[in-house]
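2 protein chains.
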Amino acid sequence: MSKDSVKLLNFWPSMFGLRVRYALDLKGVSYDYQEESLSNKSKELLEANPIYTKIPVLIHNGKPICESLVIIDYIDSVWPGSHKLLPEDPYEKAVARFWADFGDRKLFDAGSRLRRAMGEEHKKAGEDFKWALMKIDEALGTIAPGKPFFGGDAMNFADVALAPFICWFKGYQKVGGFVLPGPEEWPNLYKWVDAVNSVDAIKKSTPSPDKVAEFAEVLRKRVLGAA
Amino acid sequence: MSKDSVKLLNFWPSMFGLRVRYALDLKGVSYDYQEESLSNKSKELLEANPIYTKIPVLIHNGKPICESLVIIDYIDSVWPGSHKLLPEDPYEKAVARFWADFGDRKLFDAGSRLRRAMGEEHKKAGEDFKWALMKIDEALGTIAPGKPFFGGDAMNFADVALAPFICWFKGYQKVGGFVLPGPEEWPNLYKWVDAVNSVDAIKKSTPSPDKVAEFAEVLRKRVLGAA
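Heads up: the sequence lines are chains A and B, in that order.
Just so you know, numbering that gives the first Met the number 0 puts 212 at position 213 of the first sequence, and the rest follows in order with no gaps.
Just so you know, numbering that gives the first Met the number 0 puts 211 at position 212 of the second sequence, and the rest follows in order with no gaps.
Hints are computed from structural coordinates only; laboratory data are not their basis.
Keep in mind that this is a model prediction, so the values were computed, not measured.
Among the hints, a few may not be true.
Same chains, same label: a pair holds when it works inside one copy or across any pair of copies.
Using 20 Å as the maximum straight-line C-alpha spacing, the simulated SDA-like pairs for lysine to any residue come out as follows [as the list claims (entries may be wrong)]: (1) K173 <-> G61; (2) K92 <-> V77; (3) K202 <-> S111; (4) K134 <-> P49; (5) K210 <-> G27; (6) K53 <-> R104; (7) K190 <-> G151; (8) K202 <-> D108; (9) K53 <-> S81; (10) K105 <-> V69; (11) K83 <-> T52; (12) K122 <-> V5; (13) K83 <-> V69; (14) K105 <-> S4; (15) K173 <-> D209; (16) K202 <-> G145; (17) K53 <-> D127; (18) K53 <-> D100; (19) K92 <-> G80; (20) K92 <-> K129; (21) K92 <-> P79; (22) K190 <-> A116; (23) K53 <-> D103.
Chain A with its partners taken away, still in its complex shape:
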């Protein structure tokens, strides 16, 4: 492993980039980190991801891998190690992939609309965001009853894909103008949040929720200012 060159092109608040950091840290893979400016992307980023010109990109021994779920799948194949993220069982693997994808499809989508939309659409985004979290709470109770993670006692592919949203909760509430239900209503979700937040590999790279919320409010103000 010592001969491997591993580099991550990233932008610090990105939940997609955080996924990749979490996966690398859970595997104990060391990597070079390159912070990108989204308004002035590096030549390396533009060349490594010509289709989307977006972070995160993992460059492994000169080869670029793009799209966060593809990257964490790649990391799991190259460094299976002691902490496998994708279950061996095909059905359990499909369930993990389904919930990882759910994060992009529902949680990220509603979160984007919370930052961008106005009026009724903004209100709807808040409802969609809460619905998505409620579904995650239910899923945790069904898939891993009594256990903290989608992966049971350890984080799996779904956990790694969804965990980066946690540090955004505060920011989403601020720009959404709502307060999320608490642990009485979503016991599985909050148990999961506590478990994720206590994993060393997660603590290592997660930005402070205050800093993320500040960033989210800057984005929101830009939208409001332009409206």
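Put chain B on the given structure of chain A with help from the hints.
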């Protein structure tokens, strides 16, 4: 394999459903087929996919698997057989996943807008659709130079994910009001189209492009009628 119960809930023109049929047929897995009415979904569909209430759903020995890319990944794990869809090599696997995802992200998205959007947005959808096909042409030339498929001499995960769009080309052109560039401009794409269309497993389940185009025009007329 004879004891397996395999059932597909589908709607015939769906490219997502077609992917699943292609994967099952390439593997030689026989299955029961249930056509769903999107305006009157079966209780079985609603219970099997409570999150999205959408086809396709594969029900394997009573367990539902949802989301087409998750399903074809599942099929490849359960029935690896002689025709493996996902490459063993992690980088090649990542490339196949990237292009499969590209189909959803760019081709399907632009296609949806071709059916739904008006005016400038409709024009933009046509440009985006052609851009996506151009990128697929380029990718084929780079990933598998001289070979017909993303998978080289045989269809892989990316081929199965993208192949269902072929029978929609005619419909997309009709509702988009444009003519796609030909083989002179996109030689790799058309070589791929011919190769895909000559695979027995693909011929078996693909609806006629005329029938798909008719369906696309009905959808488009509904949008125009409501505008």
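* To do: Against the earlier hints, flag every one the structure doesn't satisfy and list their numbers going up.
  => 1, 3, 5, 8, 9, 11, 12, 14, 16, 20 and 22
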